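Q: Listed below are the residues making up each chain.
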Amino acid sequence: MIPLSSYLIVAALMFSIGLLGVLTRRNAILLLVSIELMMNAANLNFIAFWRYGSVDVSAQIFALFSIVIAGAESAVGLALVIAIYRHMKSVNVEELKSLHG
Amino acid sequence: MSDPKHDAEHDAKEKAPFAGTGLIKGMAVTAKNFVGSYFDKKRLTTVQYPEERETLKENFRNVPFLIFDQDPEAGLRCVACKICEIECPPQCIYIELELDEKGQSLKRPKVFDVDFTVCMNCGICAETCPFEAIKMDSEFELSTTDRFLSQLADKHKLSKSNEYYHQIKPTEAAAVDAKLAAKKKPPPPKAAAPAATASAPAPAPASASASAPEEKK
Amino acid sequence: MTLEQIGFLVLATVTLSSALGAVLLKNLTHALLSLVLSFFGSAGLFFSLHAEFIGVVQILVYVGAIAVLFVFAIVLTREAQGDAGTLRHLGGRGKILGGLTAVVVGALLVRMILLAPHKLLTDAARAQEGGGTVGEIGMALMTSYIVPFEVASLLLTAALVGAIVIALNEVKPAASTPAASSPPLAPPIGRVR
Amino acid sequence: MEAIDQIFVNAKSFIVSTLESLGLPDWLTLLIGMVLPATLVVIVFPATFAFLTWLERKILGRIQNRYGPNRTGPWGILQPVADGLKMLIKEDIVPRAADKLLHGLAPILVVVPAVVVFAFLPFGRNMVPADTDVALLFFFAVSSISTLALFMAGWGSRNKYSRLGAMRSIAQMISYELPLLLAAVPVVMIVGSLRLTEVVSAQATEGFFGSFTNWFVFTPWGFVGFLAFFVAGMAETNRSPFDLAEGESEIIAGFHTEYSGFKFALFFLAEYLSAIAMSGLAAVLFLGGWNGPEVLPSWLWFFGKIMVLLTIMIWIRGTFPRLRVDQLMGFSWKFLLPLSLVNIFATGVWFWTRASIPGFAGKAAAFGIAAVVLLVTYVFLARINAGPAVQKRTYRYADL
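Keeping their order, the protein sequence lines are chains E, W, H and C.
Following the numbering used here, the numbering of the first sequence begins with 1 at its first residue and continues without gaps.
Following the numbering used here, the numbering of the second sequence begins with 1 at its first residue and continues without gaps.
Following the numbering used here, the numbering of the third sequence begins with 1 at its first residue and continues without gaps.
Following the numbering used here, the numbering of the fourth sequence begins with 1 at its first residue and continues without gaps.
Quick caveat, the hints were computed from the structure, so don't treat them as lab data.
A quick note: this is a predicted structure, and the numbers were derived from the prediction, not measured.
No more than 25 Å apart at the CA atoms, straight line, and that leaves these computed lysine-lysine pairs for BS3-like:
{"id": "1", "chain 1": "C", "residue 1": "K58", "chain 2": "W", "residue 2": "K41"}
{"id": "2", "chain 1": "E", "residue 1": "K89", "chain 2": "C", "residue 2": "K160"}
{"id": "3", "chain 1": "W", "residue 1": "K25", "chain 2": "C", "residue 2": "K58"}
{"id": "4", "chain 1": "H", "residue 1": "K26", "chain 2": "E", "residue 2": "K97"}
{"id": "5", "chain 1": "W", "residue 1": "K102", "chain 2": "W", "residue 2": "K82"}
{"id": "6", "chain 1": "C", "residue 1": "K100", "chain 2": "H", "residue 2": "K26"}
{"id": "7", "chain 1": "C", "residue 1": "K58", "chain 2": "W", "residue 2": "K32"}
{"id": "8", "chain 1": "W", "residue 1": "K42", "chain 2": "C", "residue 2": "K58"}
{"id": "9", "chain 1": "C", "residue 1": "K90", "chain 2": "C", "residue 2": "K160"}
Just chain E, with the same shape it has in the complex:
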């Protein structure tokens, strides 16, 4: 049988990999990718605790809603990235510093 801690370790590592991506990547799309990874890690924790903790349906509902929100968030985020790209001709996070629009 697999102890709960192994699942938590996998989720924690996934979370830190997402964090690594957010901090080091220059492309806005890759930022969104890393954020997806972090949210995925959070989901993994929910379901792990659900299976080993109280087997109550609310955990799955919560995970479901977090997937829904992740979807909505990435849709809007990517729309923003495309709009910015069309304006500034680059998605390089470093160059998007000018606020005068």
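Given the coordinates of chain E, assemble chains W, H and C onto it according to the supplied hints.
A: Here is chains W, H and C on its own, set in the frame of chain E:
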């Protein structure tokens, strides 16, 4: 201006059939085709080629061929005048005149090549030839394994007998023979050659074609 | 090492390695595809936790929809990094700093999990059976969680409309086509009446 | 009859029991027990694919007033073998600028979902390779993977046409995935579970004649749902009037322009396998899966229904011209989607009236109301989507 158009569009939509009936009508047509093809064979128009062969229409033309009357060498109607070589649009005919030792022309082609890969089957050579020497063949099974040399037809491969010409294009061959015979008969006042020669069977035109060019020159 | 543990290890390594790939790979499309692989890996982990519904929804939503969103985003912004999509990471200093913080956070989390005294984490036998059937989730969604369900649908519609409005091509008013009342036929060529 | 019907089930249990008696470790026998149905699926359905290519060319031929292939073997039965060999012998050219990884991986990733999808279909009485309570959802989740594979194929071959083709087919598959799911929702509402075996048993009734009337396709919402599902299924698998992605006339061959030889055959295989799977699911959801009078064994019923649906697909392919991109998208978003949404509403009404009014009156009232609601929306949607009426052509230059 847009008002009549709008009405037209409006009542066109009125008359538009219940949505989907067009689709069903289309399906019915293909269904009729499918079922029909099993019952009356007339529907299936494809000819099973190697086994069944449709008879070729008479004026079907493919690559040219030279006509000889009796003897493949002597009876060759072609006198190497090179009109066809000049007229041929893709320039796929190559002729070399045969000279005797003194350099006189023997009015015979030593070399007569037609490149079948270049020939576009237009039939201009047959039209322009004054001596009815070159005609369009209806032989279409010319595929070979080698791409180049076998497609270059030399004189021997090109020359075919007048009987073959009669066989593949009977009416046209008969017309050509009649014309040749008429040309062979000298003008009526000078020598009242009997009309019989006209009705002479085809084999006689060899001498006719030989004599005809002198007359013209 | 029972079959189940081997399965878990395989899934964990696949997920983590492809997540690393998604973050570190130079070529953008390859990064995206390793992200998809990590989504599959985490869906596999959900299955190993006997939460089939969430695993299937994970595949349906993440792989079927969000990955395609990323694909279209990459396609629409290709020119920015040139065709090979190679990325120059942040300057040396930025990268090290970022990498360092991530590693520190990871190490802290893992250490905390390993040293936690709570028996729940270590006792493998605590895995309960049952629960998580689709019918149960459906009932819960429709009865006790009906309000968040409706709010989520509102959120999705808002996000949908917002994304379209933001990403839509601004139609320059000047360039609007002449009134299309009469069919815009090309003027007759050459024939001067 | 029972023996023939359960022939495969008994065979499997016989093999498993002999293995156990031989003293193999239990996890190995379990593994073999799972592998057996998988090998059956991997053998039977590619064989159906081969038969389908022959059937398609024969039917299309007859529709176009010509014989189909009749040279290779009697009635051209060896044509699939000839095609297969030709595909294998053809040289596999990879464009130099292609992204090797994507280019190579794409055909594999297209075939994988097409085959995995068969694991959830109930082929006959208790003949289900994998039975989970999220089977239907799994079906759609797995079939959405091929969208990404198409992108990889289009993007990997670095060719303008294949990229355009990939974008078009992705847009098409996404916009038709929605009506596909929504058309399946009414069935799930009525049956109350996503497990396909329960869907089939909900449509089964005893008695020789009885087992026909209980199919979902005979209810108003079932009929509309079946049509929407079937049409969206055809669009999802890029078949017939919706095969815009590989429309030869427009963009050469869409996403598989740069493929030749075996990789191209894989795309070909994947398209047909997903067509078979889609008609299989349509049969399970709306035509009562393996239900049918006891005359034939249950699995033969299931294959018969698949073959009938595939013949209809081929028939439609022989009849209708290819749709333009905007018509394709318009049809999905403006016609199929609203229709299937209203269909869900109509199912609710149907179920509620049946529950509240007991007896035959309730059934008739439910049927009537649902039918009226659906008919009105159908006509209304058709009126909206009817394009500009086709007027008599006016030649402006002619009258100069």
